[in-house]
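Q: With the hints as extra help, turn the sequences into a complete structure.
Heads up: the sequence shown begins at 1 in UniProt numbering, then just goes up one per residue.
Misleading hints may appear alongside valid ones.
Derived pair list, reagent style BS3-like, types lysine-lysine, alpha-carbon separation capped at 30 Å [unchecked claim]:
{"#": "1", "residue 1": "K359", "residue 2": "K527"}
{"#": "2", "residue 1": "K181", "residue 2": "K66"}
{"#": "3", "residue 1": "K138", "residue 2": "K128"}
{"#": "4", "residue 1": "K298", "residue 2": "K150"}
{"#": "5", "residue 1": "K558", "residue 2": "K569"}
{"#": "6", "residue 1": "K67", "residue 2": "K90"}
{"#": "7", "residue 1": "K143", "residue 2": "K131"}
{"#": "8", "residue 1": "K598", "residue 2": "K631"}
{"#": "9", "residue 1": "K165", "residue 2": "K558"}
{"#": "10", "residue 1": "K143", "residue 2": "K259"}
{"#": "11", "residue 1": "K540", "residue 2": "K558"}
{"#": "12", "residue 1": "K548", "residue 2": "K558"}
{"#": "13", "residue 1": "K259", "residue 2": "K149"}
{"#": "14", "residue 1": "K323", "residue 2": "K336"}
{"#": "15", "residue 1": "K165", "residue 2": "K264"}
{"#": "16", "residue 1": "K532", "residue 2": "K264"}
By construction, these hints were calculated from the structure, which means they are not laboratory data.
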Amino acid sequence: MATKRRQACPQTVLHLWDAIAYIKQQKQIPNFERLSAYMKRVYNLNPSDLERQLNFAVSDGLIVVKKSLGCKGSKVGVEQDGYRIPEDVKERDGHDWYCFECHRGGEVLLCTTCHRVFHEVCITDDVKSGKFVCPVCKQNMKKFPVELKKNELNTILGYTCIRLKEKTRELHRIPHPDDEKWRFNFLIYEPMDLVAMEEKMKANEYIRLGDFFTDAQQIVHNVIVYFGMHSRIAEMARQMLGDCEYDLQEIVQCLNCYKMSNTKNDVYWFCQPCDPPHELVYAKVKGFPYWPAKVIRKHENCYDVRFFGAHHQRAIVDDDYVKPISTSFQKLGIKKTAAFDRAYKELCHHQQLVEKASKRKSAGNNKLENDKVIEKSNLESDTVTNVNSSSKSKTPASRKRKSTSLPVAKPPSAKKSANVPVKKNKKFYQESPTSSSPKNISSQDLSVSDDINDHNLVSSSSQEAAVSYTSIGVQTENEVTENVANPSDKDLDKNPNNEKTCDCSAKYEKAIQDLHIRLEEEHKKDKSRALKEFSENLQKELQMENEKQKYLSSALEKLQQEHQEAMRKLQEEIETKHKLQIKTLTEEHKTFLSETKKKQWCYNCENEAIYHCCWNTSYCSVECQQVHWHKEHKRTCRRKREIRETMPAPDNESRFVSDESFGQPHLCRLAVVLIDDSVPAINGPNIFVICSPFKNDSEDIPMDYLSGSGTEEEIEASAMEDVMRYDPNEITDFIVAQ
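A: Written as structure tokens, this is what we have:
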């Protein structure tokens with residue numbers, strides 16, 4: 001039955017947590033208005049959707065509502081709902097919160113065998129009212145049908161872990177150590193990453209390939225829930241899952257190929273035969289000639305092949321472009337090149353190894369059958385055989401029939417006997433009474449194979465004497481178990497009674513001692529061989545490690561060179577930019593300086609001047625002119641000389657100088673000029689006033705003060721008072737010069 005787990009979108013919850021943290025940093029209460037403004041500004045989420053997601057998050061326990069009183073602004077003393085991040089994570093109740101297929105919340109079905117949940121619409125199979133088993137649990141047992149021992153399986157998966165970790169470094173640790181882990185604990189039910197998978201592999205916890213693939217799916221689920229469906233790391237996780245499935249399918253297709261391609265113990269690792277060996281063909285890819293290859297898998301009309309040669313590349317080839325390995329080069333149109341010769345050499349080496357492996361396999365089967373026969377004969381011949389001398393026969397036929405072994409009842413003490421194989425050399429046959437004389441056995445009758453010699457087994461094809469395998473038992477009452485061989489007619493004639501029983505305990509003890517010595521020697525040989533192999537493997541690993549270090553050192557050196565080159569280019573770029581800036585600033589400075597030199601400046605306050613007085617003397621205002629005049633300029637002004645040079649001689653009858661006769665001394669509407677000793681004084685210093693008409697051209701400045709008594713300061717003050725009676729807007733300048 002469907003159950004509601006969580007409904008809020010995980011990414012929206014993360015955004016809400018960021019908004020709450022940001023608002024709290026501003027010393028404000030994270031109410032709905034502030035959350036709405038933040039989410040609209042940063043994530044473009046409208047208020048209606050925000051309200052719905054906020055209610056879902058509160059019902060899911062991912063956000064807590066708390067009443068708070070405003071402490072500043074217009075909300076002082078007003079109670080309002082503030083949203084907070086919960087402090088503790090709820091206990092896990094046995095099932096995930098989000099669908100394992102679409103990675104969203106809602107009403108889900110709970111799997112009865114694992115923690116996963118699924119939406120009903122996300123399941124293709126019909127859901128019965130009984131126990132629900134999720135598709136992941138079903139595929140775990142069916143998708144990768146490979147039966148391996150636990151240690152071997154985890155060793156193979158170690159190679160897969162290494163391949164996956166090399167491609168996706170971001171998936172090594174989830175969450176990353178820099179991330180806030182409390183967020184991950186709130187949203188992720190079953191943490192999983194590549195490092196955790198590697199640790200499980202090292203602990204031999206995987207018992208099926210499907211378990212490993214399920215953990216890879218769990219990584220994809222966690223990444224999509226936390227980072228989002230369309231994030232960059234989610235795309236990497238999906239790519240990792242595809243690579244994982246591809247590797248596991250390779251393990252299912254051929255375990256030996258996958259193992260050898262990862263270990264690469266020697267140069268000819270690709271030539272090592274698999275069990276069973278792959279079909280060999282010539283396959284053709286577009287743009288390349290026919291090439292020798294192994295058939296990894298055949299699917300409908302296509303062959304999945306892996307080519308011999310330098311790179312051992314794989315390809316899917318249509319059956320029209322696949323030829324048997326027995327096809328001649330002429331029919332295939334192959335041109336021999338260095339690459340093809342190398343591939344063909346690998347092919348021939350592979351065929352030789354396959355032939356040797358088939359011979360060893362057939363010999364091993366024969367050995368297994370012989371071991372079974374030996375075990376059976378040992379069980380049957382675990383009794384003492386007695387020969388009755390009264391059963392002589394005169395005819396060869398009767399002798400032959402009576403030479404067969406006679407079964408004797410097995411004593412009770414023989415139940416504890418243990419069968420031990422004994423090496424039967426020539427000396428042993430000569431001394432053993434259970435075998436016929438070696439004189440009657442020709443050298444051609446003994447056929448000894450290499451494999452049987454390795455396991456101390458001798459077979460005889462002689463019809464005159466049959467050598468049986470001897471069973472040696474642990475005896476408690478000096479009872480001996482042996483097989484009776486077929487004695488020759490000569491032996492029967494020499495021993496007519498044949499009632500003597502043989503005690504072979506001494507010979508068996510010697511045989512056991514020889515066996516013990518031989519086993520010790522074999523153990524020493526095996527030990528030395530194992531140590532030698534271990535030493536060779538260790539040397540190979542050291543060599544590979546040295547090569548790896550060389551590669552890393554060269555890569556580091558290359559990286560340093562690239563870094564130095566980048567620093568050099570950056571320094572050159574900075575210097576060029578700096579020079580350009582200096583040049584620009586210099587030009588701007590020159591331009592500004594030139595413009596500054598072209599202007600005139602107030603002699604008193606150094607602001608830009610608009611009134612000119614004389615050479616190198618200008619003013620920005622009348623006030624500055626008056627201040628400078630009384631201070632020092634009236635003693636050094638060059639205007640007085642200019643006026644003396646341009647002013648006409650005085651008239652005895654008139655004391656006035658007209659505007660036309662005086663000329664324009666400068667751009668003044670009104671000028672009062674004091675001239676000392678320029679003309680004969682009548683009653684004190686003579687004062688000449690140059691008048692310019694005003695707008696109406698009908699009014700002139702009265703000249704009552706032109707010649708009067710008093711000091712210069714009094715006359716000057718009187719003249720200025722008369723001037724100030726007029727509109728100041730009509731007076732642009734007022735210059736008093738002495």
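Q: If a hint holds in the structure, say so; if it does not, say that too.
A: Hint check results:
| no. | hint | result |
| --- | --- | --- |
| 1 | K359 to K527 | holds (26 Å) |
| 2 | K181 to K66 | holds (24 Å) |
| 3 | K138 to K128 | holds (15 Å) |
| 4 | K298 to K150 | holds (29 Å) |
| 5 | K558 to K569 | holds (16 Å) |
| 6 | K67 to K90 | holds (22 Å) |
| 7 | K143 to K131 | holds (21 Å) |
| 8 | K598 to K631 | holds (27 Å) |
| 9 | K165 to K558 | holds (24 Å) |
| 10 | K143 to K259 | holds (20 Å) |
| 11 | K540 to K558 | holds (26 Å) |
| 12 | K548 to K558 | holds (15 Å) |
| 13 | K259 to K149 | holds (15 Å) |
| 14 | K323 to K336 | holds (18 Å) |
| 15 | K165 to K264 | holds (19 Å) |
| 16 | K532 to K264 | holds (19 Å) |
Hint compliance for this structure: every hint is met.
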